[in-house]
Amino acid sequence: MITASIILTGVLASASAALLGTFLVLRGSAMMSDAISHSIVLGIILVWLVTRQVSGPIPILGAALAGVLTVLLTQWLAQSQLVRMDAAIGLVFPALFAAGVLLIALYAREVHIHTDTILLGEIGFVWLNTVPLAGWEIPLSIITLSLVLIANLLFVGIFWHSLKLATFDPALAAALGLFPSTLYYALMTLTSVTAVAAFDAVGAILFVAFVIVPPATAYLLTRRLWLMVCLAIGLSTAACVSGYALAVYWNVSIAGMMASMTGVWFAATLLLAPQQGLLAQLLRRRKARLEHDCRVMLAHLLTHQNTAQVDEENTQAALTQHLNWPQPHANAVIKRALEQALIEKNGNLLRLKPAGETAARELFARR
Amino acid sequence: MSFLQDLLGSQIVQLVVLGAALLGAMSGILGSFAVLRQQSLLGDTLSHAALPGVCIGYLIAGERQLSLLLPGALVTGTLAALSVMLITKRTRLKTDAALGIALSVFFAIGTVLLTLIQAQGSVGSAGLSSFLFGQAAAITKGDISLMIGTGTLLLGVVLLFWKEFKLVSFDPASAQVLGLPVLALEGALTLIVAIAVVLGLQLVGVILMVALLIAPAAAARQWTRSLSSMVMLAGLLGAVAGAGGALVSATGRGLATGPVVVLIITGIVLISLLIAPQRGILWQARARRRLTKRLPAVTVPHDAKRRKFPIRGVKRG
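These protein sequence lines are chains A and B, in that order.
Residue numbering for the first sequence follows the numbering used here, starting at 1 and increasing by one per position.
Residue numbering for the second sequence follows the numbering used here, starting at 1001 and increasing by one per position.
It should be emphasised that the hints constitute simulated quantities derived from the structure, not laboratory data.
All figures in this text were calculated on a predicted structure; none of them were measured in a lab.
Just so you know, even glycine gets a beta-carbon here, dropped at the ideal spot from N, CA and C.
There may be inaccurate statements among the hints.
Claimed, not checked - A partial selection of chain B residues facing chain A, derived with a Cβ cut-off under 8 Å: (1) D1096; (2) A1097; (3) F1107; (4) A1119; (5) I1214.
What the hints assert, rightly or not - Part of the chain B face toward chain A, derived, beta carbon under 10 Å: (6) Q1039; (7) L1041; (8) S1083; (9) S1104; (10) L1114; (11) L1116; (12) L1208; (13) A1211; (14) G1258; (15) L1263.
Bound conformation, chain B alone (with noise of 0.2 Å):
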């Protein structure tokens, strides 16, 4: 126990579980919609398509400044969410396919420029490599300022239009009838969770960052079923397993924090789908079995003994 007073009394310690705990909430609370719209795998493109854009802040930074490699990966990834749907609307191909498309060839530039940068041989190409995979405990005071401002930012965005992305989560037909701006709020919708993806990279990082989105409103969902309950579920769980996460990590043995977070979350994930009340498999297979106990009771008609074929389930006498 002294063990983790040590450990949370340090303050860089604090500092690296409060961002890590602030971006948990804000990407569990943001991919809330992403999952309820189907466009699960979209963060996954996004977060693969911001490297290049990463890369080409540092080329024009010349360094791992914050202020201009996130912007950098907002442009891409958002050039990369506009190619999807380019794609998917105007040829043939299917929207796993326009993904696939985007997440590769996005990534594929971003390597490229990678070795750019470190055949330039610059002394902070090592933090830029740990975007693949998060470095929560490079995290600085004025990231956390950045990230709290940008959330709260975000936060009021989807409060002040709540009953919009609601309805066009839900049901974008009558949204369209309605006379709401559909495509507009849609591509807002894309890029909060472009936004969220962009954040969430110091975490886990490009690869991860999608388990990041996902599962906390996967898990979310199994508990209840209103979109208020869920989306402040999901803020909650994505928190839990960012703070839990980056102390796991920050007790050393090199253990990189993007995959200790993708890992609890999965964990969190498992639970909820076996135990969740209503839902979950464990409450599925006990209904089914009262079910099948009362069945024979329930439909039984009288004349089943005298049946030619028997009934199946049934004994005959």
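Just chain A, with the same shape it has in the complex (with noise of 0.2 Å):
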């Protein structure tokens, strides 16, 4: 019950972060959640200060606030041109950070908020705090957590078309009328709300990991907007699975084990991604390479197969040493040469064959 009370958390905290964090990653506003995820921390104090409550949708929609002020407040310090749009995030969100540590240093020492909670959160307490519904005690973070889903859901699913065409084209959809910077802040304050509903169980930062890292990886594996979506989600539930599972066994942080796996699908992705990974770059290179030198080895064939050069001229060692091609790379170009019947072998001498003929000639051929 426990196990599946915290993995629960996790896989809806990471699934609300992963949906919204695919338009974030795909605007290039990635590191705005970073900012937001930081400031809300100020938020959080300030309304507990005034209301003297840490859950519920007061709180959770006070603290959003501070996100949103954060994405206003770096908006118009970049829009003044005084400093650049990287710059002014870093000189936001630390300062209301700073602020939200030193209040909580000053006046909440004694309520839960702590600052290492809110950096690394606690998410194997989320059992704790429960709520009766229905008959069953559900845990709290479950529950509003669950809205939250719902609620990002909704938007993304309802303003899907607008979405896709204001982060992709805004200025078409501006064109087309369909408000793309009211669109973005919508999107911001509902990553506000994730993060402040999130913060608990997953903390600021490893929240950053649920908004970026999923959404990343996925955009490796595909092109289609949707499948973006379904596979972010997908990766992040997996994450949560399978980091809840090595903490355990490690008996190390919940969280951090979950946001850590995030990175270990991202490393994977990043290597072996079927079309982009760095290893089918790596083949695809290779190949490209052979096949130009293979072009180029035929050329050097035409050009000197009925002159009196031809004995020293075309053969496997005037490659090497003429075209200054390494042993091994001359014997891929020939191998594959002859595979593809281009040419053949006569003792040393290596000759055109009609179809290596036919594509030597179409190189020099104008077009």
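Work from the hints to combine the two standalone chains into their complex.
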């Protein structure tokens, strides 16, 4: 039961984060989620000072205002052109975060808001705070996060086409009267709300991992937006389940391990993704080089085939000595040409086959 | 006033204020290049990525020993910077996503290692979590000599390659054309920022380090148009904020140094943004008001009164 509630909390938080994160990553404002997740700390403590509540709808919305304020301040600062966008982000959120930390240290020592909790979360204790619902004792954070996920799903579902257009072509979206900047602020508001709801469970910085890393991983795997959203949610769910298992096994931070697992998925995808992975890129480059050098060899053979130097030039030795190819590369090129029946080997001599000669003549033909 | 004298008379406070001022100056100077190259948030990523390095250094040393924690932080910070470069160069992902990925994943690994250390229950682990928010009060004489040594070295490097760094910061394309090793120079600047971050961790911690890098430079930028005076001013402002923050937090009440330093330097930035001559917001507003006052006198053509459609702001006779 405890296990289930912890994993469910993680899954709900990370799915909400990944859903919105997809659009943030595509828009190029991923670091804004980092800024938001830090500044809501100020919102949480301010709301607590006023209302003495840490959970419930009012604190969540109140604290989310701090996130929206961060976005507004950053935009305004960048638009004043006194500092650039990246510096604006880096100026606004540390200031708000520092103010929040100081307020906590001054006035809120006795409440359960603790600076370590803010950063790291305590997902292991979500089952302690429960409310009765339909005869069940349901952890409060599960209810909150479910509502947040539903709100996010509704937002993305209703505004799917506008969001898509505003993400990929804001100018066209504005021209069609779709108010991309209003959509942007709505997205940022929902991100703030999600950050506040998730912060109890996973903490400020690990929330950033769930916003950015699964969508970025999905982006390496597909070019379809709906598939990217589904993949991101699937990846973050897998990260929660496996992260929980490993955290229990090694007896380390649960939220930290869940976030680390998103990093593992990303590293694996970066290496092995079928189209865009580093390995696939390497193989593609190597193949392209082989094909290119194969054509170079055909041209070389054609140039020399009916001349006096044919015995010297049209050999494997000439490829390594005259074209400065390393021996293994020359072998690979010859092997490839032999396999494709472009040339034939006659003792030391390399001779063009009809197919090879046509291919070589095409290289010299005027287009 | 006597309270301040008491405070400054204490040798520990003197040490802490000196250390904080040194760190502030150093990150101000070195951060200037990051701000000019639009790489402010790289400092954020580097400082978060230092956490796993600090933890690994702690696991190896078995205690809070600066000479092992800092190299660890430098190694993981450099790894993070390299992964950001790899991701932006080799995938469709944009810089901000790459920065966010490196930041959050390295930090997540750091928190996992942190709980591993806490589970071992060793005495010094409390000192380790001070790396999250910084603890200038824990600075020792050895730390200060380390800072002075490293700071002098870095400053020497910056002075030695001043012209090259300047060109790479403002116009990397012509640096490339001139045959400068741009990649190496950019790498060196990143490494310098990484070292500044690592040294600054003591003062403000991993979360707020980005402010100490950016804010002095952003404030200094408003007052001057030349690189050398910007760098010097940034160093001065950083030192003022560092020393001021250390003093305030030494007055007690459990105020961590990091947040106080950040609030002071943010205040300096705000003032600079408002009143800096030529650029400041108030200055611009005044210039605009004057211009609008002068505008009708200059631009009203003599047939304005006879026009069918009035020109805005001009009274019809």
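Out of the numbered hints, which ones does the structure contradict? none
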